[in-house]
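Enquirer: Keeping their order, the protein sequence lines are chains A and B.
Taking the working numbering as reference, the numbering of the first sequence is continuous, increasing by one, and the terminal residue is 206.
Taking the working numbering as reference, the numbering of the second sequence is continuous, increasing by one, and the terminal residue is 457.
Simulated from the structure, these hints should not be mistaken for lab results.
Do not take every clue at face value.
[Unchecked claim] Heads up, simulated DSSO-like pairs for lysine-lysine below, C-alpha to C-alpha not over 27 angstroms straight-line:
#1 79/A - 257/B
#2 140/A - 50/A
#3 315/B - 257/B
#4 75/A - 454/B
#5 140/A - 197/A
#6 331/B - 370/B
[Claimed, not checked] Selected chain B positions facing chain A (Cβ under 10 angstroms, derived; list incomplete):
#7 8
#8 19
#9 26
#10 350
[To be verified] Here are the computed distance ranges between Cβ atoms for each label pair:
#11 53/B - 146/A: 54 to 62 angstroms
#12 45/B - 62/A: 34 to 42 angstroms
#13 178/A - 56/B: 55 to 63 angstroms
#14 38/B - 135/A: 19 to 27 angstroms
#15 137/A - 218/B: 29 to 37 angstroms
#16 86/A - 40/B: 26 to 34 angstroms
#17 35/B - 135/A: 30 to 38 angstroms
#18 62/A - 13/B: 19 to 27 angstroms
#19 78/A - 218/B: 41 to 49 angstroms
Note that the structure is predicted; figures quoted are calculated from it, not measured.
Note that CB positions come from ideal geometry on N, CA and C, so glycine has one too.
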Amino acid sequence: MESVPSAYISPESQSPFFAIQLLSETDIIRGCLRGSAQSQRLLYERFAGKMYAVCLRYAHTQADAADILQEGFVKVFTKLGQFQFQGSFEGWIRRIMIHTALRTYQRQRYEMEQSGYEHLPESPVEPEALSLLSEAELLKMINGLPDGYRAVFNLVAIEGYSHAEAAELLEIQESTSRSQLTKARRWLAEQLKLLQKVHVASTTQA
Amino acid sequence: MEQPPNIDQLFRERLQHADVPPPAFVWPRVEEELRRRRRRFFLWLWLGVGLAGAGAWGLWQVNVPNNSLAGVVKTTQETVVHSPSSSHPIPELTSPITSPAVLSSPNNPIESKLAALRAAAPQVFYPVKKQAQFNKPATSATTSGTPVQPLFTTKDASSSVISEISPLTYLAAPLTFLPEIKGGLAPLPPAYSLVLPKAKPFMRKKKQPLKNCYDFNQHPRVWLLDAYVGPSLPQRQFTATQSEYNSYLQQRRSTEKTDWAFNAGVRGSLLFGRHFLLRTGAHYEQMTEVFAYGDPNYIRVLTEQTSQLVDGMWKTVTDTISISYGEHFVKTFNRFGMLEIPLLAGAEFRAGRVGVSVQGGASLNILFWKRGTILNAGGSPQKFTPGEEDASPVFRHRAGWSATASAQLFYHLRPRFRVFAEPYYSRAFRPLTLASQPVAQRYTTWGLKLGVTKIFD
Numbered sequence: 001m002e003s004v005p006s007a008y009i010s011p012e013s014q015s016p017f018f019a020i021q022l023l024s025e026t027d028i029i030r031g032c033l034r035g036s037a038q039s040q041r042l043l044y045e046r047f048a049g050k051m052y053a054v055c056l057r058y059a060h061t062q063a064d065a066a067d068i069l070q071e072g073f074v075k076v077f078t079k080l081g082q083f084q085f086q087g088s089f090e091g092w093i094r095r096i097m098i099h100t101a102l103r104t105y106q107r108q109r110y111e112m113e114q115s116g117y118e119h120l121p122e123s124p125v126e127p128e129a130l131s132l133l134s135e136a137e138l139l140k141m142i143n144g145l146p147d148g149y150r151a152v153f154n155l156v157a158i159e160g161y162s163h164a165e166a167a168e169l170l171e172i173q174e175s176t177s178r179s180q181l182t183k184a185r186r187w188l189a190e191q192l193k194l195l196q197k198v199h200v201a202s203t204t205q206a
Numbered sequence: 001m002e003q004p005p006n007i008d009q010l011f012r013e014r015l016q017h018a019d020v021p022p023p024a025f026v027w028p029r030v031e032e033e034l035r036r037r038r039r040r041f042f043l044w045l046w047l048g049v050g051l052a053g054a055g056a057w058g059l060w061q062v063n064v065p066n067n068s069l070a071g072v073v074k075t076t077q078e079t080v081v082h083s084p085s086s087s088h089p090i091p092e093l094t095s096p097i098t099s100p101a102v103l104s105s106p107n108n109p110i111e112s113k114l115a116a117l118r119a120a121a122p123q124v125f126y127p128v129k130k131q132a133q134f135n136k137p138a139t140s141a142t143t144s145g146t147p148v149q150p151l152f153t154t155k156d157a158s159s160s161v162i163s164e165i166s167p168l169t170y171l172a173a174p175l176t177f178l179p180e181i182k183g184g185l186a187p188l189p190p191a192y193s194l195v196l197p198k199a200k201p202f203m204r205k206k207k208q209p210l211k212n213c214y215d216f217n218q219h220p221r222v223w224l225l226d227a228y229v230g231p232s233l234p235q236r237q238f239t240a241t242q243s244e245y246n247s248y249l250q251q252r253r254s255t256e257k258t259d260w261a262f263n264a265g266v267r268g269s270l271l272f273g274r275h276f277l278l279r280t281g282a283h284y285e286q287m288t289e290v291f292a293y294g295d296p297n298y299i300r301v302l303t304e305q306t307s308q309l310v311d312g313m314w315k316t317v318t319d320t321i322s323i324s325y326g327e328h329f330v331k332t333f334n335r336f337g338m339l340e341i342p343l344l345a346g347a348e349f350r351a352g353r354v355g356v357s358v359q360g361g362a363s364l365n366i367l368f369w370k371r372g373t374i375l376n377a378g379g380s381p382q383k384f385t386p387g388e389e390d391a392s393p394v395f396r397h398r399a400g401w402s403a404t405a406s407a408q409l410f411y412h413l414r415p416r417f418r419v420f421a422e423p424y425y426s427r428a429f430r431p432l433t434l435a436s437q438p439v440a441q442r443y444t445t446w447g448l449k450l451g452v453t454k455i456f457d
């Protein structure tokens, strides 16, 4: 009987990404509960990208987003025993990330208030066609929002939280949440309108 | 202003399920943090087990009976005799023994005492060091016509006078020919000493400044809950109420030694204005002292009495066969437990994860339990445990107020979780002893509280 040549085993099959394809979500969670480092790595690889995108929406900078992602995953692994295997596991992780990000946001908000520095919108995004806007550019646009606007817009417009829930999470009045969402929409609409004008002008010149 | 109607939808569709590869350095950091928390968990687990064990041992110490030599003490009440220099001579036994003929007289008071002692002999039998003087048991003999089971025959059994021996009895009498023991009350070495385990070095590899600081600027008014335990070093002061009791005071000092002590408690604190503290709670302090007393004037005389029928008459001959002295001693572990409510005010100052606080105030004693034995003014061991038989009150029912102050060094392991070490000082305003006692006894306590703090906002 001929032995299987070593080249027959593809390198991809030994990577964590390949293992993600084979193991179910429940298996990975149970492995993490047993303390398996490999399962923790698999869980991280499966959800890190999506959660990093969430963190980027709430954070000022990529460094802040990386810190939030790190702190959030540490919470996920330490509180994994509280997951009841009911509902979406991704939704459970997402809530942890959002809470971690909001806590960081509240801390930073207080520091800025203490220093008398109010975060102002950055310069408008570079002119590109609206249809060509990438996710990264949309994230950059959201990052340009002031802190209060950004948090409310993320929670209500993107995550689907109600104003009451957002107000409770952010420790603000519900009316404040509504007004900040309106201002955030207005600011984003101005940015999009500017992008559309630039796109039309560049098309005409061409 | 014109506004895209579906701006929420645009961002939601594009970003809600976006997937952006995270930086590569995040996962190693997560792994390191998880390892660090696991180490910390086991560290606290062992600390908790140690504290629980110390608490259980402390409770066991509270409930364990005194290690007094009860047999010796009990027997002493019946047979102990002090020399003439003792402050408690027994009146009926102060007259010297004259002769066997006198002893044999039925009206002799000593004879009646001997009869009583003879009846009580089985209960008061001592381990006699000089038993080697005796041979095997002989047959029966009588002293007053009643058959008595003989115990021993003497070495002189070959003589024609004394052939059988009656039961051993004790005759207590002042013996002036014995050498006087000098040197006073010899203090006994302490039976126990407090041995603390060596602290293990903290295993954190690198500092992460400002990571685990609690934001007191954001929450200038918070509640703190402390739990602590630690060793104490009580210092006892004796004061004679009158100069004539100075010798008794010296006896007290020489017979009582501080052994070990510990403290434990829980405390709630209100931190307001970011720096100011009001603290109260329950503080328990337990002290153990060793009372060791040896009576140098103690003399024990072992005599034997032989009755013999001579010429139709019973004659009784008494002989001294054993004398021991200076061996009578009492040793007890005196314990004092105090439960107090501290009322403290102070301030704390922080720099990153580290900080110090100082506080001072008064403590009100709400429970003072005591158990043990001391030397009374008459020179005899005296129990003071309330409710115990033969005990007499020595200490007050409550210890009253005391002044206390401490300085705490704390470190934030997490934003809402601290560990701390807090040296403290406490001094009672009044003596613990009753006003009628010839020697006043009061305490000044130094101690160390080792504990944890949880912050609630």
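Enquirer: Each of the hints needs a verdict: does it hold here or not?
Expert: For each hint, the structure was consulted:
1. Simply put, residue 79/A and residue 257/B have alpha-carbon atoms about 52 angstroms apart, too far for the 27 angstroms limit, and the pair is violated.
2. Of the pairs offered as hints, the one joining residue 140/A and residue 50/A holds, with about 16 angstroms between alpha carbons and a cut-off of 27 angstroms not exceeded.
3. Our distance criterion of 27 angstroms between C-alpha atoms is broken by residue 315/B and residue 257/B, whose separation comes to about 53 angstroms.
4. Under the criterion of a C-alpha separation no larger than 27 angstroms, the hint pairing residue 75/A with residue 454/B is consistent with the structure, at around 19 angstroms.
5. Straight-line distance between C-alpha atoms of residue 140/A and residue 197/A comes to about 19 angstroms, which keeps the hinted pair within the 27 angstroms bound.
6. Using a Cα cut-off of 27 angstroms, the hinted pair residue 331/B and residue 370/B holds, with the two alpha carbons roughly 16 angstroms apart.
7. About 4 angstroms separates the beta-carbon of residue 8/B from the nearest beta-carbon of chain A, less than 10 angstroms, and the hint is met.
8. The restraint placing residue 19/B at the interface with chain A holds, with a minimum CB-CB distance near 4 angstroms, inside the 10 angstroms limit.
9. The interface hint given for residue 26/B holds, since its Cβ lies 5 angstroms from the closest Cβ of chain A, which is under the 10 angstroms cut-off.
10. The interface hint given for residue 350/B is broken, as the beta carbon of that residue sits about 16 angstroms from the closest beta carbon of chain A, more than 10 angstroms.
11. Checked against the hint of 54 to 62 angstroms, the C-beta distance between residue 53/B and residue 146/A comes to roughly 55 angstroms, which is consistent with it.
12. Between residue 45/B and residue 62/A the beta carbons are some 37 angstroms apart, a value that agrees with the proposed interval 34 to 42 angstroms.
13. Under the hint 55 to 63 angstroms, the C-beta atoms of residue 178/A and residue 56/B, about 58 angstroms apart, fit the expected range.
14. Between residue 38/B and residue 135/A the beta carbon distance is about 36 angstroms. The supplied range of 19 to 27 angstroms is therefore violated.
15. Under the hint 29 to 37 angstroms, the C-beta atoms of residue 137/A and residue 218/B, about 34 angstroms apart, fit the expected range.
16. The beta-carbon spacing between residue 86/A and residue 40/B, approximately 30 angstroms, falls within the hinted interval of 26 to 34 angstroms.
17. Restraint check, residue 35/B to residue 135/A: a C-beta distance of roughly 34 angstroms satisfies the suggested window 30 to 38 angstroms.
18. One distance hint, 19 to 27 angstroms for the beta-carbon pair residue 62/A and residue 13/B, holds here, with the actual separation near 23 angstroms.
19. At roughly 24 angstroms, the beta-carbon separation of residue 78/A and residue 218/B lies outside the given 41 to 49 angstroms, and the hint is violated.
Comparing the model with each earlier hint shows violations of hints 1, 3, 10, 14 and 19; every other hint is respected.
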